[in-house]
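Participant: Following the hints, position chain H against chain Z.
Protein chains in written order, with the working numbering: chain Z, 1275 to 1716; chain H, 1361 to 1824.
Please note that the accuracy of each hint is not assured.
What the hints assert, rightly or not - Derived list of chain Z stretches under chain H, where covered just means 3 residues or more per stretch with a C-beta under 8 Å from a C-beta of chain H:
hint	region
1	1324-1333
2	1341-1351
3	1439-1452
4	1517-1526
5	1569-1575
6	1625-1639
These are computed hints drawn from the structure, not numbers from a lab. Ideal Cβ positions, reconstructed from N, Cα and C, are used throughout, including at glycine.
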Amino acid sequence: MNDAMAKTEKIIKTGKTLGADEVLAKTTFGRYRQTRFSNNQIDITVAWNSYITDVVLTWKKRLVATQIYDFQNVNNIVKRLFKLAQVSRENPKYGGIAQGNFQYSRPKVDKDLQELENPSEYVFEAIETARREVGAQANSGGTLFTKFEEIYLTSSEGPTGQDSRSAIKLSMRTFSQTEASGHAVECSPSLRDFSPSRAGEKAGKIAKLAMNPKTGAEGKYDIIFDPLFFGSLLGTWGSMASAYMVMINLSVFVDKLNQKIASKLVTLRDKPAEYSIERRNFDDEGFPTQENVFIDHGVLTTYLHNTSTAKNFDTETTGNAGIVQPTPWNIEMDAGDMNQSELFKQVKRGLYLTNTWYTRFQNYVTGDFSTLPRDGLFLIENGEIKQSLKDLRLSDNILRLLKQVKSASKERQHVHWWGYEDVTPALSPYVLATDIQMTKPT
Amino acid sequence: MLSYAQDKVADYIEVRAHNAKNEQLVIKNGTLDSFSLTENSGFCVRILAEGGLGFASSNRWTKDEGRKVVDAAYRFAKNSKRKESISFTEEKGAEAEWSVEEKKKIEDIPPEDKIEELMEVDESLAASKIKIPGRIIGCTIGLTNKYFVNSQGSVISSLVPKIAAFTFMTVVENGKPEQASKQFGRSGGWEAFDEWKMVDRLLHEATTLQTLIKKGKAVKPRKMDLVCGTEVTGIAAHESCGHPMEADRILGREMSQAGRSFIFPGSLFWLGSKIGSNLVTVVDDPTIKNSYGYYEYDDEGIRARKRYLYKEGVINEFLHNRETAAKLGMRSNGSSRANRYDREAIVRMANTFVEPGSFTEEEVFEDVKYGIYMKSFTEWNIDDRRFNQRYVGREAFLIEDGELKHPIARPVIETTTETWWSSVDAISKNLEFDAATCGKGDPMQGMPVYTGGPILRLRGVYVR
Chain Z
1275 MNDAMAKTEK IIKTGKTLGA DEVLAKTTFG RYRQTRFSNN QIDITVAWNS YITDVVLTWK
1335 KRLVATQIYD FQNVNNIVKR LFKLAQVSRE NPKYGGIAQG NFQYSRPKVD KDLQELENPS
1395 EYVFEAIETA RREVGAQANS GGTLFTKFEE IYLTSSEGPT GQDSRSAIKL SMRTFSQTEA
1455 SGHAVECSPS LRDFSPSRAG EKAGKIAKLA MNPKTGAEGK YDIIFDPLFF GSLLGTWGSM
1515 ASAYMVMINL SVFVDKLNQK IASKLVTLRD KPAEYSIERR NFDDEGFPTQ ENVFIDHGVL
1575 TTYLHNTSTA KNFDTETTGN AGIVQPTPWN IEMDAGDMNQ SELFKQVKRG LYLTNTWYTR
1635 FQNYVTGDFS TLPRDGLFLI ENGEIKQSLK DLRLSDNILR LLKQVKSASK ERQHVHWWGY
1695 EDVTPALSPY VLATDIQMTK PT
Chain H
1361 MLSYAQDKVA DYIEVRAHNA KNEQLVIKNG TLDSFSLTEN SGFCVRILAE GGLGFASSNR
1421 WTKDEGRKVV DAAYRFAKNS KRKESISFTE EKGAEAEWSV EEKKKIEDIP PEDKIEELME
1481 VDESLAASKI KIPGRIIGCT IGLTNKYFVN SQGSVISSLV PKIAAFTFMT VVENGKPEQA
1541 SKQFGRSGGW EAFDEWKMVD RLLHEATTLQ TLIKKGKAVK PRKMDLVCGT EVTGIAAHES
1601 CGHPMEADRI LGREMSQAGR SFIFPGSLFW LGSKIGSNLV TVVDDPTIKN SYGYYEYDDE
1661 GIRARKRYLY KEGVINEFLH NRETAAKLGM RSNGSSRANR YDREAIVRMA NTFVEPGSFT
1721 EEEVFEDVKY GIYMKSFTEW NIDDRRFNQR YVGREAFLIE DGELKHPIAR PVIETTTETW
1781 WSSVDAISKN LEFDAATCGK GDPMQGMPVY TGGPILRLRG VYVR
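If we strip away everything but chain H, and leave its shape as in the complex, we get:
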């Protein structure tokens, strides 16, 4: 296909093929509801010609179909009729083969063992003394093989095994329901289940919900200190740093769907602007081994590396693909990802987290006279500029004179990105990650990522 496409007059051509073997199991209240397996494979071509971009794909593996796909992409590119031409950065071609190691190979685990592993989790929840009438445990197991070539001489192949589990539970106490969802994810083999300790963590969630119903008290709204657990730190890093630093938003390419950013050419916020306290450094790093967002080359054939998004409280580096980097006179930093063969690669996060600080956990708490410890969250959302956000606590406690007191029912912080990051005055030394599926794109491309960080202390923020 690449050689057929190269007969055409184009500035850039890439061909990407995916073969993804996926299994999905759903356990619903102790019953295996469904078990599906799919092997989806297909290819796509993207062509930059006459200042426009075209993309086409198919899962029919014939030479004739391949040529039709190339012709369509080329035709679309030429029909763009843009006043302002799109250009890509000049990047060196790369030749690479990369893969993720599996200590326990997914393909060696028989389906009945996979069912058994998940059933044991459900049985542990069902056997607990807590009433959990709603239990959903889903698991997806994927083995994705990609092959990428482009007109700059790149030839890259990869093999990535990935496992994820999604859980949702409803706990009822005194007739009142509370709910929690939890996601687990990892690149690698079946050893993921040994690391996750799902039973312990889900039983902890169930206990949290039960305690919340029995003992949770409302918070008296006022300004106070807010200590964020690593899960809350992670979602804030993802939503109010990672997303607004995506250069396609910044340049308006996502203006209608995912939205724009509070950072844009001519705004108060740009590279070098202060956005948080000096303690705050937020990074996005695809190179963390076995992470859920791990990759070595992005889907435009660019070598992955760690990106310092906010550095010591200053807006430092955007997430780029070839197109956005060229437009801003920069280099791609390998942030272009697609979740299937039939989707255009767009600017995405990988593993976004706050870098650890110098405080012990005790030091973070001991200086709080009155505040809330929001260890985890339930409802959250943020506007499409990524500035006005809200997080509602799931597991939360009152802090008085540095001591944890009774549980707090659903405390809410609703604030701006600038206030959030500027209020940080203590960051703990520890670093923890949670798996998540980042949503962006139209059609939606759910993308595996880590969110994470240490414990943060926000001084004097309004909590209700």
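Here chain Z stands alone, though its shape is the one from the complex:
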């Protein structure tokens, strides 16, 4: 047993000796690097090394948690946590954590990523590729992020495991003019499958197409969503599938289990597979992760659970335990049956939206929302891109949007959005949805 696992196990023993019912500890040694760039130059490279143990302790259905940053003081921290549990209040709905001894597959991780000290060459490659697409006026910015994590988890209820996780992510935006840009991402758990020039090429191509935009007209449109745009929405639906979000009414899926809520073309699954940047062998309770289809041909089949929420819903955990609440890992939409160009040919008059941001809700249960397309936004006529547009907002209903899906492409892309650390990555096709409301400022 290595030192990290021994220290993690000691937390369990200390907690149990004090009288805790359950103790769970997860130590993460993380090595993260990020290079930020703008105006075709590197602004800063940032490194953060973290050595942190998450601890959950329960006593008579009182759940308390902490993060340990200082291993010198573990006994006192656990004692303080147990004291907190003793003065806390019972949660009658608390349903426990995973029990049992599980076998996990061997972690597959890219050691090259662990040793990658200076990823700036990847940044330069992406910038140069975008410049080749756009010309000398190309102006690119973005982030290149790498992570290498070693995880040690142990639980008083049986699970014990080690995992290693690696990822590299590039997010870049290229401007061809002040109001014309393209955004593309590239992400992979290993360097082998990572191609910065693929992102540079796509960002550059969209930026070039987006030149000389005109203000779009309000109205209902048939819309082709780029995987980057639709992947962002997949992340939203994935979060809403968490049983916790359902329980607190931050979800359009409240009271809709086993109902047809989407087009039959929509099958969504949470799949922390080997090829995902959120690959993992076990969840934060040590329960083996699995593939969960939560929308099957338009029917909502399950929520995503940890052990406790599963008990509340009279079902089994789906292996989605975060430290306190269930969380999606990697959302995938099943591929369609036509290629991208065939998809465009289906659109007589519509829009192609390449990216979005600022998705906000009036009401999470009904799903009334708006989101702001950014970067390339195009008018399609008779299957062809006719004009670059700007200043349009998608103002509709996110549940209705699922029902309006009419086609999806065979091609799919791994995408991730930036910003929140818990943004869920996705594997998304190009998607055609019809009759979607767009608005504009007056």
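Facilitator: This is chain H only, laid out in the frame that chain Z set:
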């Protein structure tokens, strides 16, 4: 670490250490869902060398780790290979110790009392006659100690207690749900709970949602006057003045993530350009005592001060850090903030608000023949240039001949920054603040801020 780093050839070095004791409670529908406590501590170093910037951090407090962190930051700076060198403004070193007073010390309040305080709020909501099947009350309590030194001789330490509460409720009436979220925040001690009057304000929200379901009517889309409550004024000040005035956006450093600004070198809008009516002055002020965005020195060791962003309708002063100010030949105005030890400090707002005007509230309303009073908002968003924005009303009423009439269900204004601020023709004398968490950065750095202002009247804008 600083002395080890100073053996290297660098233009600027800073070392920042944070120790943050945090507690977080979540009450879900009358049950304490979780109670967590964390003491996170760590340090970072940022080095400007050979025209490039490097940053590294760790939470392993050993001399050896400290030196590794310095070496990494220095190596990153030198590997930047920039064509155009980054430079920082020359600023005087500062020596200071500052803290925020707690009338009721957070550490003196036992955990069971904290639980009790929040439970009482939930129980009041549950006991009301309004059906509120979804109630979430979260509370974060933080005590952050920072220590900052740099190569210009600065030695600054601070101790800031901060309390925030986040609430989200779902009201159901006749089978229809409406929802509202509300945030409270303050720098200081447990006395925050006496000031917030959470029960009264949340019961008001619940009543508003119930009334909206029962009596809310759709608005007939047309041009009309829009009177904005202080909450709506505050979000507009934050989104369409504060953000576009961040100099890192203006210079493109956030071009890929947070976005750019409608203000940029060579654009129609620059310092001195007209952006609103003469009545409009929007400021950002970190020095408001006990505010949620309060600080005395920023995370680059610069003394904080009030900034006049839009002044009498004119673009007046950007928010700067050392880097952006140097690039534009100006001085930093102390706008650089980081929310953790392992995050680079970037240009941020503190407390952004519209300065009060000369109208009484009655005067603002009495001159409205037909319009909407949008007292609070629900959905909102704005494009990444901070020009095309939308706010949807939560509590809203029809105004006819200066009188408030029936509730209006979700009125929408979707307009441009220039139209919004140019349409303002009356500003009330009162000033109110709301706590908010501003999002920016990659990784995201949620930053405590106030948004706020008086009541505004916008003449002849399109509302649907």
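Participant: Taking a Cβ-Cβ distance under 8 Å as contact, does the region 1625-1639 of chain Z have three or more residues in contact with chain H?
Facilitator: Result for this restraint: holds, n = 9.
Participant: Establish whether the coverage given for the region 1324-1333 of chain Z by chain H is satisfied; the threshold is a Cβ-Cβ distance below 8 Å, and no fewer than three residues must meet it.
Facilitator: Result for this restraint: holds, n = 3.
Participant: Examine the region 1341-1351 of chain Z: at least three residues should have C-beta closer than 8 Å to a C-beta of chain H.
Facilitator: Answer holds; 4 residues pass the 8 Å Cβ test.
Participant: Counting residues of the region 1517-1526 of chain Z that have a beta-carbon nearer than 8 Å to any beta-carbon of chain H, does the count reach 3?
Facilitator: holds (count 4)
Participant: The region 1439-1452 of chain Z covered by chain H? Criterion: 3 or more residues, Cβ-Cβ distance below 8 Å.
Facilitator: holds (count 5)
Participant: Please verify the coverage claim for the region 1569-1575 of chain Z: does it have three or more residues whose C-beta sits within 8 Å of some C-beta in chain H?
Facilitator: violated (count 0)
Checked against the numbered hints given earlier, the structure breaks only hint 5 and satisfies all the rest.
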